[in-house]
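Please put together the full structure from these sequences, using the hints given.
Each chain is listed here by its residues.
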Amino acid sequence: MTTPTSDARPDLARLPVADTEPTPAGPVPEPVPLRRKPAAGPTTVRRRLAQAAYLVVLLGATALFVYPLAWLVSASLKPKSQVFDNSLLPETVQWSNFVEVWQAGPVLRWVFNSATVGLMAATAVTLSSAFVAFGFAYFRFRWRGPLFGLVLATMMLPGAVTMIPTYLIWNQAGLVNTQVPLWAQNLFGSAFYIFLLRQFFLGIPRELFEAARVDGASHLTMFRRIALPLARPALVIVFVFELRASWSDLMKPLIYLQTPEYFTMPRGLKQIVDTVALSGEYHCEIAMAATLVATVPMIVVFAFTQRFVLDGIATTARQG
Amino acid sequence: MSGRLQRQETRAAFGFISPWVVGFLLFTAGPMVASLVLSFTDYSIVDTAHGVGLANYRELAEDPRVRTALTNTVVYALLYVPAATVVALGLALLLHRVGRAAGFFRTAFYLPVMTPAVAAGAMFLLLLNGQRGLLNEVLGWFGVQGPSWTTDPTWMKPSLAVVSLWAVGGSVVIYLAALKNVPVALHEAAMLDGAGPVRRFWHVTVPMISGAIFFGVVTHTIAALQMFDQAYTMFYGPQQKASASDSSLVYMVYLFQNAFQYFRMGYASALAWLLFVIILVVTVVQVRIGNRFVHYEGSRS
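Going line by line, the protein sequences match chains A and B.
Numbers 1 to 320, taken from this note's numbering, label the letters of the first sequence in order.
Numbers 1 to 301, taken from this note's numbering, label the letters of the second sequence in order.
For the record, the hints were derived by calculation from the structure and aren't laboratory data.
A couple of the hints might just be wrong.
[To be verified] Label pairs and their in silico Cβ distance ranges:
{"hint": "1", "chain 1": "B", "residue 1": "Tyr57", "chain 2": "A", "residue 2": "Phe98", "range": "47 to 55 Å"}
{"hint": "2", "chain 1": "A", "residue 1": "Trp143", "chain 2": "B", "residue 2": "Tyr57", "range": "33 to 41 Å"}
{"hint": "3", "chain 1": "B", "residue 1": "Ser18", "chain 2": "A", "residue 2": "Thr221", "range": "49 to 57 Å"}
{"hint": "4", "chain 1": "B", "residue 1": "Val144", "chain 2": "A", "residue 2": "Arg46", "range": "43 to 51 Å"}
{"hint": "5", "chain 1": "A", "residue 1": "Ser96", "chain 2": "B", "residue 2": "Ser44", "range": "45 to 53 Å"}
{"hint": "6", "chain 1": "A", "residue 1": "Pro79", "chain 2": "B", "residue 2": "Ala55", "range": "28 to 36 Å"}
{"hint": "7", "chain 1": "A", "residue 1": "Ala173", "chain 2": "B", "residue 2": "Ile278", "range": "28 to 36 Å"}
[To be verified] The calculated lysine to aspartate or glutamate pairs, modelled on DMTMM-like cross-linking and capped at a C-alpha distance of 20 Å, are:
{"hint": "8", "chain 1": "B", "residue 1": "Lys180", "chain 2": "A", "residue 2": "Asp311"}
{"hint": "9", "chain 1": "A", "residue 1": "Lys80", "chain 2": "B", "residue 2": "Glu137"}
{"hint": "10", "chain 1": "A", "residue 1": "Lys80", "chain 2": "A", "residue 2": "Glu91"}
Using N, Cα and C, we set each Cβ at its ideal position, and we do this for glycine too.
Right, here's the structure in full:
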């Protein structure tokens with residue numbers, strides 16, 4: 001396995017001149033160094049070779065990261081004896097794995113649970129964080145600085161510190177072994193998202209709000225009619241981030257859910273892996289079918305939102 | 001602004017931030033105090049709590065499994081954080097050079113991030129299987145006899161790092177954005193001064209994106225110290241007999257076991273506070289060191 005870094009470096013020579021500047025002027029078929037005129041002979045050959053080597057490294061690295069997912073699809077369709085044969089195309093396609101995964105656990109139920117919890121969690125956190133973020137972005141009040149500092153400080157707190165008392169709260173409320181603890185805390189906003197959305201709201205020209213104010217709009221109207229619509233890309237990012245986080249979470253379902261019927265997909269998947277793949281008759285193909293079921297929904301969500309999400313990460317990182 | 005209006009504004013502001021204030025008191029401040037108090041008790045849910053003074057903290061200092069868990073976690077972090085930084089930076093450099101097609105590759109590298117950790121863990125249990133896994137088969141092509149990644153105690157932490165490393169795409173996106181922000185003029189100036197690609201990488205690119213790298217290192221470290229999902233998926237659960245090795249016992253797994261399997265909530269609370277202190281110290285040290293090396297554009301502190 002070649003590490004991409006070492007191979008990439010020699011090629012950096014052409015990096016800045018060739019393609020850093022997103023020049024809108026026409027389509028450039030191939031990054032051609034502007035500085036040096038393409039001299040004929042050995043230089044061109046060397047550049048071609050470097051270009052080829054670079055492409056090999058790039059495609060190799062990409063394959064390395066995508067391959068496990070392709071392998072997963074293939075493994076989930078194979079008969080038990082072929083799971084480990086490491087060929088990407090199954091010799092015999094065994095669709096029944098996806099029926100048999102049913103016998104291993106109520107997979108559809110789990111997907112439904114995960115979707116419900118995920119949507120509740122994401123909706124709750126998006127709206128509440130936006131609401132709070134607007135409070136920190138628009139108003140200038142006395143305790144704003146210290147309070148916002150406190151918001152940021154909570155990001156540093158490891159979940160482990162509050163985990164046990166929080167469990168005791170839900171236990172006291174009689175809500176252990178229900179899905180409520182998996183999303184209800186999101187009604188109160190979440191520090192990182194508050195930070196992110198506040199940054200976004202701060203970017204909205206204040207005149208917009210002042211104008212609305214003159215027209216007699218209430219703060220709530222300003223929030224609903226100006227801030228929220230303008231912050232749509234940021235809201236999508238928050239929503240998808242939280243949906244992913246909630247969908248993937250293993251710890252909370254482990255803590256709060258005991259009845260298999262209430263499990264979320266990762267919690268259920270863990271059980272399937274334990275009972276079907278790591279013990280019993282070692283039906284790895286069934287476990288892989290369940291793994292695929294747990295993965296595909298997030299890939300679909302990502303397919304529809306990837307532009308927002310990836311650009312969003314890029315811009316938040318720049319501000320942070 | 002008149003006093004009345006000011007007061008009105010303040011009231012409205014608190015209206016907006018009230019959900020967070022309530023949540024903070026109920027689910028952060030309250031539990032923090034409670035967990036601190038619990039850490040001085042022997043609370044176990046079934047029984048009422050008795051104060052035990054510093055007993056939990058004393059036990060924690062002597063508990064060999066705490067030491068194991070800490071060592072494992074640190075080893076994992078030392079494997080994962082540098083690897084994640086180098087790999088993510090390498091991939092970002094690769095993508096940066098593609099120009100416009102970078103979007104496609106960026107998406108490809110982000111797919112593993114969308115994959116739930118449990119799913120990744122399950123998948124890699126098979127891919128890293130010692131006898132029949134893909135990795136060892138590929139190694140075999142080159143005449144290398146791969147280890148039993150998932151059962152050999154020596155290789156459990158490296159395999160955990162591999163699983164986490166697979167989802168490094170988030171950092172790639174961030175580093176790529178940082179690379180795009182490096183002014184071309186700087187590279188050109190360095191080139192005129194005769195700096196080769198390697199020198200320009202170390203003296204132009206790295207300083208200019210040091211903020212992003214620093215951010216990445218700090219967040220990766222914090223996450224690594226709290227790693228749970230992958231370790232629990234791959235190595236814990238009913239299939240793991242008590243006799244199994246502790247070599248994949250990371251701190252959060254041990255904490256979880258104490259709290260929700262042995263119901264030693266007092267002890268687990270003490271464990272949680274120790275983790276908090278460790279993370280705090282590590283982060284402060286990193287920020288101290290970082291401030292010396294990180295180059296900030298303009299007058300940001």
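- Quick check: which numbered hints come out false for this structure? 3, 4 and 6
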